[in-house]
Structures are given as structure tokens and as C-alpha cells.
Amino acid sequence: MNAPAITMDVRRVGETTAVVDIRGEVTAACEPVLMSAYEAAGGTATSRLVLNFGGLEYMNSGGIGMLVTLLVRANRQRQQLAAYGLSEHYREIFELTRLDEAITIYDSEESALHGVVR
Amino acid sequence: MTDTKGPDRVATADEIGLSAREAAAPPPDTAPPRTAAQAAPPRDAAQADPPRTAAQAALPRDSASWARKVDRLQVDRRSGVRGTNVAGRRLTGPVQGFGKMWQKTYQMDAGSQITPEQAIATWREHFPEFWPKGNRFAGALTGINPGDVALLDLSIGGGVKLSTGVFVLYADAESFTLMTPQGHMFAGWITFSAEREGDTTTVQAQVLMRANDPLYEIAMTLGGHRKEDKFWAATLTALGRRLGLPDPRVETRSTCVDSKRQWRHSRNVWHNSMVRSVLQTISAPLVGLSRLARGMNSRTNG
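Listed in order, the protein sequences are those of chains A and B.
When we follow my numbering, the leftmost residue of the first sequence carries the number 1, and every step to the right adds one.
When we follow my numbering, the leftmost residue of the second sequence carries the number 1, and every step to the right adds one.
One chain only, chain B, in its complex shape (with noise of 0.2 Å):
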């Protein structure tokens, strides 16, 4: 582990707004050696552990921290989004992916204030308040925790919504990773991570991904990265507000890991959301009146 020499003095949970959650993670310096046990503490690191049982014991200690394995997902309707173009999708990684494969990695120095800990902890306690403004995050109430499916609404111009979802792939108390479903714009995983580097703490989102299917891979081409890069910029810039940075910078860099496409996903398009919202926005109008005069059927014939 590096050694880290710790700042003259630690900011109050008051001063920078952290909940009673958030404050409970350790700060830096103050925090004793961790044991190989608490390398990787369970899903609300700041909650008490309960006495782990000779089978606990017998798993991995990143057990924890993994959603169990689903081959499709199952979702509970949200206020406030669609919530359409998710249930019953299999999840996507970068193999199963078509365009060119990217790793962007944004990342910010959230100063010596900080802990690792307290940055994940505010970070997947309000995930949804730190997306730019048009987009919607339906996650569930408590936080992102692993197996959580979130349901996404994101604007795609035009006043139509592109609507789908994500997965919470694991989470532990310094990162936690977000995987696709089927259709979702690329095919892969973004990991939200911080760590302490010297006396400063570094946090960073890293999206390792290709384009899901050849309409996509135009899209990314045609700005569809420019935007995403926006996105993840603007969304770190707010958590660093929300941390208490008076000027929060966030570097951004992309490596394309994979310039092959993989032709052979070039059906991933049957499950395009994109196609799918701009579909689901033209068609609403007429489902609605359908309904209604199934509605009105149903009761001249009750």
C-alpha cells in the first residue's frame, strides 16, 4: 500500500455536506491500518459487520461485493422514467459489443480532504443528483448497491428520450461498476473508483466499452463520444461541487483498446433503444387512444 501523509486539517462532515453515512467512512490519516478483512468491506461500509459464518467465511471477501448472477433482467416500474427496453435483457460486456473498443477514463483530484471511502460513499449514496440536467436515473432508493437494475432515461435531442437501463455489476466502499443491458448505446462497464495517491485523493470514472451495434458505432463517430465525454465530465464536476472542490478539474483521456468491429454483433441492432424510444415516443399517442377505447369497450359491454 502507498503511504500517504495526511492533510493539517480535515474538513467537519458539516463543512463539506456529507450525510451521516458519508462522514462515517474513514478519513485520511485518522483511519487505523486496514486488515486484509476490511480491504474490501461489504456493501455499506458504514454499517457494523455482523459475525461472518463458517460458510461466510469460507467465500471470497469480495463475495460481497458482486451481484449475483442474473441471465436477464427483471425490473419493478419507476415513477418518473419510461422504463421501457430492459426487463427480460441480458447484460453486454465489451465482448459481446460491436464497434471499436474505447477505454475513457475521466478523472479529478478531489484534493487531501477527502477519503477515498467519503468520495464512493457521497458518490452511490446520490448518484442520480450528479447526472446533467434532461437526464433521469430510476435507481433503487437506497443507493447503488450490487444487483440493483436503474432504469435510464437519457436525452437524445429532439425531444424524444432514449430509454434503458443498467445493471450494478459490484460495489464495494472505494468503487462500484455499472453494466449494460442489450440495446443500451454501448455494450460494456463504467467503473467509478477513487484512491489515494500520495496526500491527495483521486477520483475517476472509466468506461471500458464498444459501440453495441453498427448504428451506434455511427452515432459515437457523428459526436456520440464528444457528448459522452461531455457527460461524464459534467457529472464528475458536480460531485466534486458536492465534496466541497471551489474548482473542480477533470481530466479526460481515450484509448481506442480494439480498433476491430466486430461484425459478427452486428445484429445487436434487433435491440436498439435508440430505435426502440424514438419508436415508443411516435407510437405513444396511438397506444394511449387504443387503450382508451379498449377502456371504454369494456365497460358499454360490462
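With the rest of the complex left out, here is chain A (with noise of 0.2 Å):
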């Protein structure tokens, strides 16, 4: 498999809540990188997980399945997925595959982490 063309920085925001900066081009390749992110985002006292894809460049369907992969270990988890930073594009590509219905999409950082919506 090729190697992904992608970086997943994890910053801590409080002792509940976990920022994945995901820069780069999401794939079924960056299975490995994303799971190694929510691990290092993880553990039992994170109860909201928020995706920040302000830095994505290129995702296709792939990437899209990976995400319900993750989904599925969160809710596991009882944690809560956030989205924010999507283009139009992107946004559009969440809500024709109904996963915006799961992972709730935000406008800015702040609002993810406070979940206020739109």
C-alpha cells in the first residue's frame, strides 16, 4: 500500500476534549495515522473527540470509510465525534453520505469544542 501523504497532530483542549489537526489527504492508506492519532487523543477520560480538516486536501472514498471505522471505535468509547474547518466541498461530500448526521460539523474550533451549532 502506498504511503499516506498525510499528518494528524493531536493537541489536548482541557481534561475532557482532543483536537486532531489533519493536514493532508485522507485515504483508506492513513488507516495506520489516524488510529495512532485517536489513540494518542484517546483513553477513557476523552469524552469529545474534535477532527479539525482545516488542512485537507484530497480525500476519496477511502477516506470516507475510514471515518465510519473510527466512528464505530468512538461511539464504543462513549465518545462524542466533532468536525470543523470542512471546505463546501467536503461539507457536501459529509451530508450526500450521511455521516454529518453522525459527526456533527462546526463552523470554527471554538464552537466544536463548546458544541454550540451553526
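I should point out that these hints are in silico values taken from the structure, not numbers from a laboratory.
Honestly, I wouldn't trust all of these hints.
[Unchecked claim] The calculated EDC-like cross-link candidates involving lysine to aspartate or glutamate, where the alpha carbons are at most 20 Å apart (straight line), are:
1. B:LYS100 with A:GLU101
2. B:LYS69 with A:GLU31
3. B:LYS260 with A:GLU95
4. B:LYS100 with B:ASP229
5. B:LYS69 with A:GLU110
6. B:LYS69 with A:GLU92
7. B:LYS227 with B:ASP199
8. B:LYS69 with A:GLU95
9. B:LYS104 with A:GLU31
10. B:LYS69 with A:GLU101
[Stated by the list, open to error] From chain A, some residues computed to sit far from chain B (all C-beta separations above 12 Å):
11. THR7
12. ASP9
13. ARG11
14. GLY14
15. THR16
16. VAL20
17. THR27
18. ALA40
19. THR44
20. ALA45
21. SER47
22. ARG48
23. GLN80
24. LEU113
25. GLY115
Remember, it's a predicted structure, so these values are computed and weren't measured experimentally.
Virtual Cβ for every residue (Gly too), placed ideally from N, Cα, C.
Put the two chains together into one complex, using the hints given.
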């Protein structure tokens, strides 16, 4: 499998929330990177995981499938998933695939952190 | 990108029976290194790229590969299929399904003489031809393109055809994905892809799905999964033969990603296309008689 062209940096915001800054290409090939980021951000104390897609350059259907897998893991831990920084194009893809019904989309990091819908 | 070492000799298009469009996909080794813009080519990779406008340049390079957003499916009548249970339906992903979530992978070694682009071009262009006998896929005449809706008649035994459909969610030169509507056996998507690994090309179909409702969950448990595995293995084998493989072999892997059932989606059963197809088959003679009577009445009154 080709090496993924992506970086995912984890920031902790408070005791129960973590932000994952995603930069590059989200494809099925980046599953190990995403799962490592999830492990770094996870733990029983984390109840809210926020995905920052501001640096997203490319995503194919394999990438969407990988997000569903992440969602299952988060649900198992009773963690909420949120997203922000999506361009109009990627927001439409979330809506088309109906992923937005499980991962709430916000306009900014501040609203994503506090769970305030746009 | 993985380093690849090509074969000593690449088969000609005639030798493996490729069309001009399929043959136009770059062969191994002779293909130049892909630029960022080429990495996700437009719908028809064999056609020359038109110059991108400033507005298009602002879009991500995957923008032509994704279907436009739709709320409910719209379909035209197609010959050879009943075409019911699709129009007006919403799309369903694994999030909207009921049953356990499965990831099933069907993989075939396509050898060294076929590039991923050639394999996918062939699959997109001749998709219905690879389906097992007794099942019908009525798609657009131009092959598989983002936003297309295909109508399906699937053999479920007892002379009954399950009428449903699929939506082309994504398509590029190395992969394409179909998503299912409400009422389909499963909620999810199937991604067909090809990839160069070392000096061989691997072709695969990967299903990420949940049974759409409790009835389908029971049916999948009582042999539905086995039937689906056979279906996709047969499809890949047919593709392999078309690509000129002497003995195509398909490896199947199933992983239960989530063993929980989503009971809040149990009411999906209202849209169940299997139940509706059975009812449509049973009531077909009555509907026909009713139409005939209405026609005679209107002629008498007219």
C-alpha cells in the first residue's frame, strides 16, 4: 500500500477534549496514522474528539470509510465526534454520505469545542 | 509511492481483449511519474483534460470524482428491469443501517501485465457483464460515472426478483464506489479498486455495510452473507477472465467491525425492497388487469 501523504497532530484542550489537526490526503491508506492519532487523543478521560479538517487537501471514498471505522471506535468508548474546518465541497460529501448525522459539523474550533451548532 | 518493477513483456490490448478506452490507460513502467494533478484524474481518464478555469483550480482535485449532493434519488425507466423501490429513496450509509457492521474484502491478484488503471477502466466500462447470471444491472450506457443511478434486479429464489438500485458515489481512475438506497439489503457502500503492489496489480471489492433492517439481518445471518461472498467472488473471477488471467483466484476476508445492532433504525423495514418486490410480483397480474379494465372503460366512455 502507498505511503499516506498525511499528518495528524493531536492537541489536548482541557481534560476531556482533544483536537486532531488533519493535513494532507485522507484515504484508506492513512488508517494507521488516524488510529495512532486516535490512540494519542483517546483514553477513558476523553469524551469529545474534534477533527480539524482545515488542512484537508484530498479525500476519496476510502477515506470516508475510514472515518466510519473511527466513528465505531469512538461510539464504543462513548465519545462524541465533531468536525470543523470543512470546505463547502467536503461538507457536501459529509452530507451526501450522511456522515454528518453522526459527526456533527461546526464552523469553527470554538463552536466545535463547546458543541454550539452553527 | 511504492517502487514498482515492471514485467519483462506487457500484453497488447488485442491479446487481453481491451477496448480502445481501456487500452488508453497507462501500462506499467511506461507510465510517466504521476503529478499531483494526475493523481486523481477526471471521470474518463482516457480523455484529454480540458484546461481548468480559475474557479475549477480552486476546487480540490477530487471534486470531479465525487457525485453531487442529492437528497432523494431520481431515476428514468430502463429496459430489462422492473425499476421499482429506487425513485424517491434516500441514500443509506453504514451509519443509517440496522445490523452488525461488516467489512468484507474480495481480492484478486491480477498479475503484472495489467495496470490498476486498465483494470478499473475495464470494470467501469463493462460492470454489468461481470455479474453472475440471473442478476441484472441497468446503469447508464456510458459506464460508471459519479452521480449515476443504476437499477438492479437481483435473483432471490422462488422466481422472485428483488428490485433495488445503487448510486455511484465516487469514481476515479483507480477506484469507484457504489452506495445503496433505503430498502436495499444493506446500508453502506462497495468500493472497487486496484493497486500496484510490487510488480503485480491487486484488484479488490470492499463492502462496508450493515443489514438495512431486522428482516435483512436475519436473512444475512441465514445464508445471505455466504450468498453475497459467492456473488462478489464470481464477479471478480469474471473480471479476471476478461483481463486475460488464466486462473483467477479470489481471496475473501470478513471482519465484524461493530457487533452492535442499531435498534433505532429497525423501522427501516418499512422500505424493505425484498418484501415490496414479493408484493409487487404477487400483485402484478391484478395491477395488469386493473389497467386493462381502466383502458376498456375509457374507450367505452370515449
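*Are the Cα atoms of LYS100 (chain B) and GLU101 (chain A) separated by 20 Å or less?*
holds (18 Å)
*Cβ separation check - THR7 (chain A) to all of chain B, threshold 12 Å*: holds (17 Å)
*Taking the closest pair, is the beta carbon of ARG48 (chain A) still more than 12 Å from chain B?*
Holds: least Cβ distance 19 Å, greater than 12 Å.
_Would the hint linking LYS260 (chain B) and GLU95 (chain A) be met if the CA-CA limit is 20 Å?_
violated (24 Å)
*Is the Cα-Cα distance between LYS227 (chain B) and ASP199 (chain B) 20 Å or less?*
With a Cα-Cα distance of about 33 Å, the restraint between LYS227 (chain B) and ASP199 (chain B) is violated, given a limit of 20 Å.
*Looking at ASP9 (chain A) again, its CB stays over 12 Å from all of chain B?*
holds (21 Å)
*Just checking, ALA45 (chain A) versus chain B, shortest CB gap more than 12 Å?*
The claim stands: ALA45 (chain A) keeps its Cβ more than 12 Å from every Cβ of chain B (closest is about 23 Å).
*Taking C-beta pairs only, is ALA40 (chain A) more than 12 Å away from all of chain B?*
Non-interface label on ALA40 (chain A) holds, nearest chain B Cβ at 21 Å vs cutoff 12 Å.
*Examine each Cβ of chain B, and state whether all of them lie more than 12 Å from the Cβ of SER47 (chain A).*
Non-interface label on SER47 (chain A) holds, nearest chain B Cβ at 19 Å vs cutoff 12 Å.
*asked:* Does GLU31 (chain A) sit within 20 Å of LYS69 (chain B), going by the straight-line distance between their CA atoms?
replied: With a Cα-Cα distance of about 26 Å, the restraint between LYS69 (chain B) and GLU31 (chain A) is violated, given a limit of 20 Å.
*Take a quick look at whether LYS69 (chain B) and GLU92 (chain A) sit within 20 Å of each other, Cα to Cα.*
holds (6 Å)
*asked:* Hinted pair, alpha-carbon criterion (20 Å max): LYS69 (chain B), GLU95 (chain A). Please report holds or violated.
replied: holds (7 Å)
Going through the hint list in order, the structure does not satisfy hints 2, 3, 5, 7, 17.
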